[in-house]
Amino acid sequence: NAGVMQNPRHLVRRRGQEARLRCSPMKGHSHVYWYRQLPEEGLKFMVYLQKENIIDESGMPKERFSAEFPKEGPSILRIQQVVRGDSAAYFCASSRAGDLGYEQYFGPGTRLTVT
Amino acid sequence: AQSVTQLDSHVSVSEGTPVLLRCNYSSSYSPSLFWYVQHPNKGLQLLLKYTSAATLVKGINGFEAEFKKSETSFHLTKPSAHMSDAAEYFCVVSATGGGNKLTFGTGTQLKVEL
Numbered sequence: 021n022a023g024v025m026q027n028p029r030h031l032v033r034r035r036g037q038e039a040r041l042r043c044s045p046m047k048g049h050s051h052v053y054w055y056r057q058l059p060e061e062g063l064k065f066m067v068y069l070q071k072e073n074i075i076d077e078s079g080m081p082k083e084r085f086s087a088e089f090p091k092e093g094p095s096i097l098r099i100q101q102v103v104r105g106d107s108a109a110y111f112c113a114s115s116r117a118g119d120l121g122y123e124q125y126f127g128p129g130t131r132l133t134v135t
Numbered sequence: 113a114q115s116v117t118q119l120d121s122h123v124s125v126s127e128g129t130p131v132l133l134r135c136n137y138s139s140s141y142s143p144s145l146f147w148y149v150q151h152p153n154k155g156l157q158l159l160l161k162y163t164s165a166a167t168l169v170k171g172i173n174g175f176e177a178e179f180k181k182s183e184t185s186f187h188l189t190k191p192s193a194h195m196s197d198a199a200e201y202f203c204v205v206s207a208t209g210g211g212n213k214l215t216f217g218t219g220t221q222l223k224v225e226l
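Chains F and P, in that order, give the protein sequences. Heads up, the first sequence is in my numbering, so the first residue is 21 and it goes up one at a time. Heads up, the second sequence is in my numbering, so the first residue is 113 and it goes up one at a time.
One or more hints might be untrue.
Computed Cβ-Cβ distance ranges for the label pairs, DEER-style [unchecked claim]:
#	chain 1	residue 1	chain 2	residue 2	range
1	F	Asn27	P	Pro152	44 to 52 Å
2	F	Glu61	P	Glu183	44 to 52 Å
3	F	Lys64	P	Ala166	27 to 35 Å
4	F	Arg98	P	Thr184	22 to 30 Å
5	F	Lys64	P	Leu226	34 to 42 Å
6	P	Ser192	F	Gly93	15 to 23 Å
The set of hints was computed from the structure by calculation and includes no laboratory data. For glycine and all other residues, C-beta sits at the position ideal for the given N, C-alpha and C.
With the hints as constraints, model all of the structure from the sequences given.
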């Protein structure tokens with residue numbers, strides 16, 4: 021049973037380019053969460069999605085960031101016109117349900133470097 | 113609103129001695145609490161979780177934590193540290209009314225010396 025998969029594992033972008041991060045949840049999981057970890061900090065919640073729905077995007081920056089979880093295919097976190105401050109590790113997690121206490125399984129992360 | 117405070121950013125122990133990583137939480141609702149471990153350049157692994165059942169929770173690799181409501185604490189312990197325990201540890205809270213989004217502490221870096 022494959023775990024949560026994220027790709028790419030490492031991504032280098034120049035300022036102004038777009039970054040697309042992909043997350044495939046564990047089999048049987050329909051809830052996806054994205055978190056960002058800045059250097060020397062803990063993870064910060066960004067967005068919570070179910071298939072075709074954004075449930076909570078309270079942690080997403082208002083501009084340049086968007087997320088989707090289509091009916092088919094992986095969840096995508098998209099960052100337009102990247103800036104140096106976007107350099108971070110982005111982790112995706114999935115769970116079987118969105119209820120309190122359901123364990124979230126984390127992927128290995130995508131490390132984004134903006135040059 | 114919910115938050116966690118990890119009281120030590122770095123902890124250093126000798127191999128074979130006990131480990132104590134401290135965590136205090138704040139939550140407006142009944143919380144679920146977790147400890148996750150992150151090894152260098154790796155993802156996060158769940159060590160253990162508390163979800164309003166037994167207050168003493170046993171996890172993987174010999175770790176355990178005790179939920180103390182009166183002290184709003186959820187400290188992580190292990191009787192005897194092993195070199196492979198060196199990693200970063202995150203105390204995490206999730207609360208009813210907050211969806212299932214996790215709020216992470218800032219992490220405690222555990223160093224294990226010979």
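### Message
Need the list of violated hint numbers for this structure, in ascending order.
### Response
Hints 1, 2, 4 and 6 are the ones this structure does not satisfy, whereas the remaining hints hold.
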